[in-house]
Amino acid sequence: MTAETAGRSTRFDWSTWLRRRGWTAGVWLLLLLMILWYSALIPKFGGFQIASISKNSLPLVYLAIGQAVIVIAGGIDLSVGAMLILSNSIAAQLMFEQPFGVTLAIAVLVILIGAVINGVVGWIITVSRVPDIVVTLATSFSLSGVALLVLPSPGGGTSEGFRAMFTGSTTGSGSNFWPSLVAIAIPMALAAWWMKNTRTGLSLYATGSSPTAAYLSGVRTARAKIVSYAVGGGFSALAGLSALAITGSGESRAATGSLFTLRSVAAIVLGGVALTGGIGSVVGAAAAGIILFTLSPILSAMGIDPNSAQVVQGVLIVVVMMVAGIIELRRQRAG
Amino acid sequence: MTISNAPMIEMEVLPDSKWRTALRDHPLLVLGIVLIALVIATAIIEPRYLGVSGLRNTVLIAAPLGIMAAAQTILMLTGGIDLSVGMIATAAAYVAGNQSPNGAAIAIVLGLLVGVVAGSVNGVGVGLFRVNPLIMTLAMSAILLGLFTALSFTVLQGSTTVAQFIKTIGGGSFLGNRIPYNALVWAAVSVLIIYGLRRTGLGRLLYAVGDNPIAVRLAGIRIWQVQIAAYAIAGLLAALAGILLAGRTGAVDLQLAVNFLLPSVAAAVIGGTSIFGGIGSYSGTILGALILGVLTTMLTFLDAGQAIQQIVYGGIVLGLAWLYARVTGTS
Amino acid sequence: GGGDSAEDETYTIGVSNTLAGNGWREQMICAIKAQALASGVVDEVVLQNENTDTTGQIGQIESLISQGVDAIIINPTEREGLNSVIEEAISQGIVVVAVDQAVTAEGAYVATNDQVAYGELGARWLFDQLGGEGNVVEMRGIDGVPADTDRHAGFEAALADYPGITVSQETFTGWDPTTGGQQALDIISAGDVDGIWTSGIDYTVVEAFQSAGAEFVPIVGADNNGFIDQLLNVEGLTGAAVTNPPAIGGVGAAIAIQALTGEEPEQVVTLTPEVFASDDQASLEELFDPDQQVGWSTYVEIEPYTTYEASQVSDCVGPGEE
Amino acid sequence: MTIEPGVRPLLSTRAVAKSFGNVIALRSVELDVAPGEIHALLGANGAGKSTLVKILSGVYQADAGDVEVEGESVRLSTPAAAVAAGLATVFQDPALIPDLTVGQNLRLTGIDEGEVRVWLERMDGASLDFGALIRELPLPLLRLLDLARALALEPSLLMLDEITAALPADQAEHVFTVMEEWRSRGNSVLFITHRLGEVMRMCDRATVLRDGRTVASVAPQEVGESGLVEAMLGEVVHGEPGAVRTARAGVGQVLLEAVDIGSGDKVNGVSFRLHAGEVLGLAALEGQGQDRLFEVLAGDRRPDRGEILVKGASLRARSPYDAVARGVVLVPPDRLLALLPQRSVRENLGLPLYDRIRRWFSVARDEKEKVADAIDRLSIDTRAARQAGRLSGGNQQKVVLGRWLTAGFQVLLCFDPTRGIDVRTKAQIYGLIRELAADGAAVLLYTSELAEIPLVCDRVQVLYRGSIVDEQPAESATEESLLTAAHGIRSEEVA
Ligand SMILES: Nc1ncnc2c1ncn2[C@@H]1O[C@H](COP(=O)(O)OP(=O)(O)OP(=O)(O)O)[C@@H](O)[C@H]1O
Ligand SMILES: Nc1ncnc2c1ncn2[C@@H]1O[C@H](COP(=O)(O)OP(=O)(O)OP(=O)(O)O)[C@@H](O)[C@H]1O
Ligand SMILES: [Mg+2]
Ligand SMILES: [Mg+2]
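Going down the list, the protein sequences come from chains A, B, C and D.
Here the first sequence stands for residues 64 to 398, where the numbers follow the numbering used here.
Here the second sequence stands for residues 664 to 994, where the numbers follow the numbering used here.
Here the third sequence stands for residues 48 to 369, where the numbers follow the numbering used here.
Here the fourth sequence stands for residues 16 to 510, where the numbers follow the numbering used here.
Do not take every clue at face value.
Some chain D residues near chain B, calculated using beta-carbon distances under 7 Å [stated by the list, open to error]:
(1) Tyr-336
(2) Val-339
(3) Gly-342
(4) Ala-353
(5) Gln-357
(6) Leu-366
(7) Tyr-369
(8) Trp-375
(9) Val-378
(10) Tyr-479
Treat the hints as calculated values from the structure; they're not laboratory data.
Here a beta-carbon is modelled for each residue, glycine too, at the ideal position from N, C-alpha and C.
Full structure from sequences and hints, please.
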């Protein structure tokens, strides 16, 4: 291919679009189909059901977005779950019986705490040159330890307004699904835009795609890495806050943390983010987060018992990745 | 027409401080020193630990972890990872426990078989269908859990107390109760793996695939074969670890080894195996496993709340990795 | 399903559980199925069971509501966290029963084992064994989980009456047999232990003694088949099994069915544990079932609630399943 | 000679040294670049050229020595600092982000797209789609983009590390015009290449490195190519590349035959016969489908049409394994595709010995000797032998080729094997290729340096738009006869 032939398609070109956005679009389509199917499976499908899906998948969606940002920048964070329970515990302690305004302020504070702590983690990674996975594995233990110190046993609380902000209901459970949809859409859109259109955002993609090339072309790779971790930490904290909004009280079980961490990784891979960095988008990751959450209600609505459901779920995920992988292969081999 | 550059080599080597090069070339020394330091620290917290039994327990505890970490090491060298080792080990142990009435031999063979099968399936998924290892093994883990929970009420229903022989190799000791049998198993496995990685073609390929799969493909090697082999071996090792564990706990439930997943990764990584593949050694992992073994013991004696224990654990793991990177100058 | 109309005689029961593969929880579910089957008025048991947290459990309950079940049996992750969704369910006319652990939700039935008593009875037995003198190890469950907190409270209460007893070591097993076994191994070989109280991680502790080749000390555990086996058959082992029956699930099911069929069950049922010590071989023999898993509890018939046969629990088959 | 007295050098380095671990890359480098000159930086593979450039670009920090820009001593701690000091670089390996579009790459570094377009137009890359992903663009185009990006920074000194190595003749021309224009604006260019012809033609002065030391600073026209070579190697090389060529090998059995192969729109009906003992040259401008053709022949991709015969038997390769098993092996265009950067040179060379499961259970008994032999025949610089990735570019290339010496083969598909390789090594590699042919192997050789084809090959075929448009016997073939054919103009039309 010479310069001449490379010069085609300044106009819109489906094949290019599919190649670049295909996966993300596919994931959202899959999600849509699943929800349609679910609605057909259960006796009545209305606001309550939509709200149930959108609000309850919030924590995983936020984690997936955060994890995506970090992985795109060439890292991986095994402490997102621990950060979730830590922020959840801190918030639950501080917000207990506070008015809405105060809880909002605390929320901002907690997100900042999350960003700063994870920023430091990112800094440690760049100076120590210890692989991300090791550092974050270690910090995941420490963070959940701290969470347990902050909130020795389940409790604490938050304001009704705060709960409504994420869940659409002051009790955390109801039929108004708009707030939770907005709570998914806005952070996702912001993150996506920032990643693709700002110099810093692009420097994350660059660092993940080829650190050497990025460094050679003047990108401050170390800085990019730290930024990615800070942003990821912020989203993990946000996830913890949303969990608090849903349950209305805090919880600091370490098991919950590692559970969420693994799911966040599954989500981003399913969402089309390459663990080698530089490829993918937070939009796909978010959709995958919701998918992972929606699978089990669907399977149970189909009357599949949980054990078989677990098997089916595993097989489904593998098959999806398989098909995607094969399509990918075909595409590369073709033309 | 060949121009030898032997003389060039001579003059190109810089004089470098002895111990620094020694450490850089033998990073295991660092881990060894750390291990000793931890043992001493533990002994300070609980003097009785230094007795024979204390050290024996450390090995007794580290052996299954070390073997499970061997699986992890092999896969990490190929640029893969296995998040299902814990569940494979559990499944294998469960079968071994359930089959114990038919004799230890059958129990062990069937148990190991479970591991090989599960591992091979992982390998096929990763090698032939290009499923990301994290996803493949994560899914495998879920599948095994669901499957065996269901089976435990049907074909696998009944007692899960393991045969005496398995108890002995898993938890027993000899020489006046000094040396655990599972240490022997571990030693044998270690010799095999270290030799295999250094001195066999497969060993070469495991490293090569992790370093640059495209190059391996162009060199006329069928990567999928290497990967399936790697995952199958990993499955086998995980199963072995699970059976030893079952021997030590005496009976089996479906949570037997799930808590070993992260430590198995940690042990390999502390031992200097790169998560991105291509670099690492099992000797490092062995020390990593021993270090984690001592660490857990130390935390038990520390008698602090769970919170403090986790904080310390994380802190030490990070500190170790950092030290390792500093000394060896690996980035 | 659909018990809305009077002439419709059969009901659908939903179950929400957040710990998969755990022997105790699995048997709890079996007990629910068995009771549902035995009752004859349940045509389906809809299970939701995967490892998850409170938000996940809220999701489970909401999807059960969406599927239109008549009653929901919950093993709650938390006391408060589920209240709003439980109240939502109740407001839609669904019967909600929390088993194994209480919830504070308005109108929810609660069936639990008395965890404070579990801690206290076991501890007292142990301290008496030691004649009120000696070092004991308290092997707890998961720090911060209410059941653990309650049992610890009970343990402390007993301890207060035995000034001669000192707790030489406190560990958290995470209710993981393997972890518990490792800790026991270390503690035993460090020596100077006169008795061990466990929060249900028992048979691996006994195994640890055998691995370490150490002298047995009195051990308090739970009604796990494996431990009972050891109490009966292991030379020189003295100990006590304190019941914490998973059959509480059957009790929950019975309560749910009573509520559905218009009887008025008590709002709160609390089972007080029994203690079976190794000197009471007869009752231990009674409890022991050689054909069951180590984690299994044969303490399944709980008057006056459960109406199933013990075998139905081990069959673990619910209505509509073959 | 040094700069005329009175002229203050634009850039000068004093006793610059750098070592990696215990590998010394630079011992003591003295370099003076005058304003408004094109200055060649020469040296054998591993001499330290790239290392020096990286120091001057702020990528590495020199261990010792001093760098002055216009008399001021500067600290180049980061690439940004170097740019600020008026130094811009096109590195030996492309510094563009594969997963970002051209536009995003420019935005990333805050470079004005307009500027870049202007320069691209000069090099007839005008039609480049800024929305295209870098990984989808061909290497030569990326080199030009790299160059345009560097120029857009308006550097007073432009450093080009082997930019022409990956460029076909026509596009190299564009680079030269741009270099000249840059000089005409009073700026300077530091130009690294292994093609001495380019040096003679383009450069005002040349500094020669050997083993990390400056050994000469001369005017190429004064000393001539031979003088440069002598300075680089510290010895007189006997004869120019290709002199090693044996008398034309007797044409033996047909080892590889391509029957009307087609692949996508890249390769349309290529047919040829490759005999034992001959070296068949393939001449083509960039992007005529040669990459795809080699992929297909090497079994890395199935042909859509036609058939490949090895010793008369059809080869239906599902993967390179099948081709290698039949003795058809590839030296790929990009050495990074074939190198195990973290593994030792020995493991790199021994890799193909383990292609069968039955060979998995031990290390090949003869591995050691075979590897030693390959290292010896190619005289690979084994200083950084513990990690092949740390070898200099040229030596990495040798390792990739050497792999097949250890494994053995019948048909060698060589894609630009001398890309970025110094004259001595080049002579060695071509000599080796002839040896292999003489030993009965068949070689298909594509090289971007048309001038060398007649020196090494027995026959030359010319690929244009994916099909063979011309064949010439090596004796009569000349650079320009090939170039005309490569442009799709048949020989007779020219006459
Ligand atoms: N090729 C590269 N790709 C990505 N990041 C790089 C690269 N080279 C350097 N960096 C980053 O920039 C920082 C400084 O660059 P530099 O090359 O000076 O490393 P350094 O600190 O000199 O290494 P050392 O101290 O081992 O010589 C390093 O910490 C590293 O994180
Ligand atoms: N990162 C590194 N680590 C260790 N050694 C290195 C590194 N980079 C270069 N070297 C060594 O420094 C020496 C000079 O390398 P350099 O790449 O500068 O040579 P070069 O002149 O560019 O060769 P070529 O013409 O093949 O590109 C070589 O011996 C090489 O092995
Ligand atoms: Mg170079
Ligand atoms: Mg430095």
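Checked hints:
| no. | hint | verdict |
| --- | --- | --- |
| 1 | Tyr-336 | 5 Å, holds |
| 2 | Val-339 | 3 Å, holds |
| 3 | Gly-342 | 10 Å, violated |
| 4 | Ala-353 | 5 Å, holds |
| 5 | Gln-357 | 4 Å, holds |
| 6 | Leu-366 | 5 Å, holds |
| 7 | Tyr-369 | 4 Å, holds |
| 8 | Trp-375 | 4 Å, holds |
| 9 | Val-378 | 5 Å, holds |
| 10 | Tyr-479 | 27 Å, violated |
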